[in-house]
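Sequential numbering from 8 applies to the sequence shown in our numbering.
It should be emphasised that the hints constitute simulated quantities derived from the structure, not laboratory data.
Quick reminder that beta carbons are idealized off the backbone N, C-alpha and C, glycines included.
Be a bit skeptical, because a hint or two may be false.
What the hints assert, rightly or not - For each label pair, taking beta carbons as the anchor points, the in silico distance ranges come out as:
(1) Pro-258 to Arg-39: 31 to 41 Å
(2) Ala-292 to Ala-58: 49 to 59 Å
(3) Glu-238 to Thr-56: 50 to 60 Å
(4) Ala-292 to Ala-85: 40 to 50 Å
(5) Glu-89 to Arg-41: 19 to 29 Å
(6) Ala-196 to Ala-58: 41 to 51 Å
(7) Glu-86 to Arg-181: 19 to 29 Å
(8) Ala-85 to Gly-51: 57 to 67 Å
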Amino acid sequence: MAASPPSLLHSVRVVARRTGLTPDLLRAWEKRYRVVEPMRTAGGQRNYTDADIERLRLLVRATAGGRQIGQVAHLGKAELEELTAGDVRLAPESAATEAVDPAVSQYLDGALTAAEHFDATALEAGLRTAALRLPSDQVLDSVFGPLLLAIGTRWQAGELPPANGHLATSIIRRVLTWMTDFPSVREDAPAIVVGTPALQMHDLGAMLAATAAAGSGWRVTFLGASLPALELARAARLAEADTVALSIVHPVDDARVASELRELRMILPAHTALLVGGAGAIAYANVLNEIGAERLDSIAALRNWLRERGAARQRQPTTGAG
8 MAASPPSLLH
18 SVRVVARRTG
28 LTPDLLRAWE
38 KRYRVVEPMR
48 TAGGQRNYTD
58 ADIERLRLLV
68 RATAGGRQIG
78 QVAHLGKAEL
88 EELTAGDVRL
98 APESAATEAV
108 DPAVSQYLDG
118 ALTAAEHFDA
128 TALEAGLRTA
138 ALRLPSDQVL
148 DSVFGPLLLA
158 IGTRWQAGEL
168 PPANGHLATS
178 IIRRVLTWMT
188 DFPSVREDAP
198 AIVVGTPALQ
208 MHDLGAMLAA
218 TAAAGSGWRV
228 TFLGASLPAL
238 ELARAARLAE
248 ADTVALSIVH
258 PVDDARVASE
268 LRELRMILPA
278 HTALLVGGAG
288 AIAYANVLNE
298 IGAERLDSIA
308 ALRNWLRERG
318 AARQRQPTTG
328 AG
């Protein structure tokens, strides 16, 4: 097949503008899920066809409807069109256009620029403004989540100095703590313990999950990083939590982490759900399947799970005398 004429090819910047995807999220989708296969110039720059852009738009709409990218990345154009058309019919004002909201892109781009310029004041002000002006679900899914991914990707690629990365994560942590300072939830609200297993020192993903859980009306106990299985189980018992959520980022495929997960599942009560997410969770897919843990690959997926669990809990009949 002949290559498309140069006039029909588009740069990453053009694709980002037309789809609402950040360059870092686009690169992550390509690397992890091979959603498109861009052409490359002699200098290694990625170029995209109109068909690539249309496919990416459909994938954005499908994920904006609440699906995980891993669930839809393999679908063809006709299947994606049918799926997204159904979303529009069921929810005309749905988030199908939310992901390409220029305001969201502005907040995300502004945060990345502030991190690159080592501007703590601008970064914190921008994130707080986004949290105040955007719905809580949208700001977590479309600003904080992609921002953390972008910072991690750029740091690993050597494009963001370590000090800038540390500054950014420090500010993100502070703003997430502020966002989680909600009024007290109902006494009968479901409870969740959130943290990372032993040897996992990166807890920002867990903090993002805790913020999402609080926003979904759950009583949240956030434990931070690197707790052994016995302590996680003890915390769940003391908090009367029926769900434990863990984030795994690095290291990946560590036999000791796998052992911690097996031990935790063994000592948790059978009715206590175990959720695992984060960039490194897929490396433990086999052990998670083995122990019956739920692997969630996005904050949106976590939120949907929590809301379904909460709704099911409310539908359970209460027991009483007589």
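Hints, verified against the model:
no.: 1; hint: Pro-258 to Arg-39: 31 to 41 Å; verdict: violated, 18 Å
no.: 2; hint: Ala-292 to Ala-58: 49 to 59 Å; verdict: violated, 31 Å
no.: 3; hint: Glu-238 to Thr-56: 50 to 60 Å; verdict: holds, 52 Å
no.: 4; hint: Ala-292 to Ala-85: 40 to 50 Å; verdict: violated, 29 Å
no.: 5; hint: Glu-89 to Arg-41: 19 to 29 Å; verdict: holds, 22 Å
no.: 6; hint: Ala-196 to Ala-58: 41 to 51 Å; verdict: holds, 47 Å
no.: 7; hint: Glu-86 to Arg-181: 19 to 29 Å; verdict: violated, 42 Å
no.: 8; hint: Ala-85 to Gly-51: 57 to 67 Å; verdict: violated, 33 Å
Violated hints, in rising order: 1, 2, 4, 7 and 8; the structure is consistent with all others.
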